[in-house]
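Student: Using our numbering, read the sequence shown as starting at 1 and increasing by one per residue.
Simulated from the structure, these hints should not be mistaken for laboratory data.
Worth double-checking, as some hints may not be accurate.
What the hints assert, rightly or not - What follows is a list of derived Cβ distance ranges for each label pair:
| id | residue 1 | residue 2 | range |
| --- | --- | --- | --- |
| 1 | Glu97 | Ala131 | 53 to 63 Å |
| 2 | Glu97 | Gly256 | 38 to 48 Å |
| 3 | Gly163 | Arg98 | 21 to 31 Å |
Keep in mind it's a predicted model, so treat the numbers as computed, not measured.
The beta carbon of each residue, even a glycine, is placed where N, CA and C say it ideally should be.
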Amino acid sequence: MEAINSILKDFLDYLDIEKNRSSATRKNYERCLTRFFEYGKIKDISQIDEKRVRDFRVFLAKPENNLKKRTQAYYVIVLRSFLKYLQKEGHETISPERIELPKIPVREIKIVEYDDIERLLSAPKGSSLKALRDRAILETLFSTGLRISELCSLNRFINLERGEVTVRGKGEKLRVVFLSNRAKEAIKSYMAKRQDSEEAMFVAISHGKDPKVLGRINSRTIQRLVDKYSRAAGIPQKVTPHQLRHQFATDLLLNGADLRSVQELLGHANVSTTQIYTHITNKELKEVHKSFHGRRRS
1 MEAINSILKD FLDYLDIEKN RSSATRKNYE RCLTRFFEYG KIKDISQIDE
51 KRVRDFRVFL AKPENNLKKR TQAYYVIVLR SFLKYLQKEG HETISPERIE
101 LPKIPVREIK IVEYDDIERL LSAPKGSSLK ALRDRAILET LFSTGLRISE
151 LCSLNRFINL ERGEVTVRGK GEKLRVVFLS NRAKEAIKSY MAKRQDSEEA
201 MFVAISHGKD PKVLGRINSR TIQRLVDKYS RAAGIPQKVT PHQLRHQFAT
251 DLLLNGADLR SVQELLGHAN VSTTQIYTHI TNKELKEVHK SFHGRRRS
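Input sequences plus hints: build the corresponding full structure.
Tutor: This is the structure we're talking about:
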């Protein structure tokens, strides 16, 4: 499998250098393609044919693999991208257009009621370092719409008075996000309590009577604390850090923000990704129509 491994490495380097994809994307592409090569016993690109691709897709769809339609579609997207690269490099292989993308249902976002969100943001109680940190994390997530990885990578030395933070998102792209007054106050209170020199804005904190800063916080800790406070707030549905990103986007749209601006704030490369939120605003418009249209005729 040396030949295919060599071409795979060239492709992954191409993603890094020319396409400026993230290290996470590189790992995902490598994992998907390696699984395809191993399943099809492919040792050379000449062995990649429509039958092997079709058999692989049937394999992915088997119930025992427990793969969602979107995950199966991701494998196809990765494979098509690899085939396009091979064509670009002059290799003879099947056309990527011969591999059709599966139709998947349009994803709908479920949002939490605004009163529930307010209870969640107010759930961390007390003045301990951990409580102040947790309150600052929740307010920052809701104020900025940051991805969980972007929140973890924030550093403490920012200009809070300006309330603007530059973050590096997917594809190493920079964008500016904005802190609400409540987020700024929560961060100020939290940072005033910090007695360490750790560079990270949000840190892991040990348990016990004498808690210590353990370094930069990780995504699993943030997931656990959001789940903990959502249950404390009595919210019946599961709330995740990404849910607060959804809330951020829908809150903007429901209050009149245009789709392109929300796209920029979320760091979406394509506006079609942002359009998953429009079904919510459409429902809101329906309620407006129902309440205000044709009232003199009733």
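Student: Honestly, which of those hints from before does the structure not fit?
Tutor: 3
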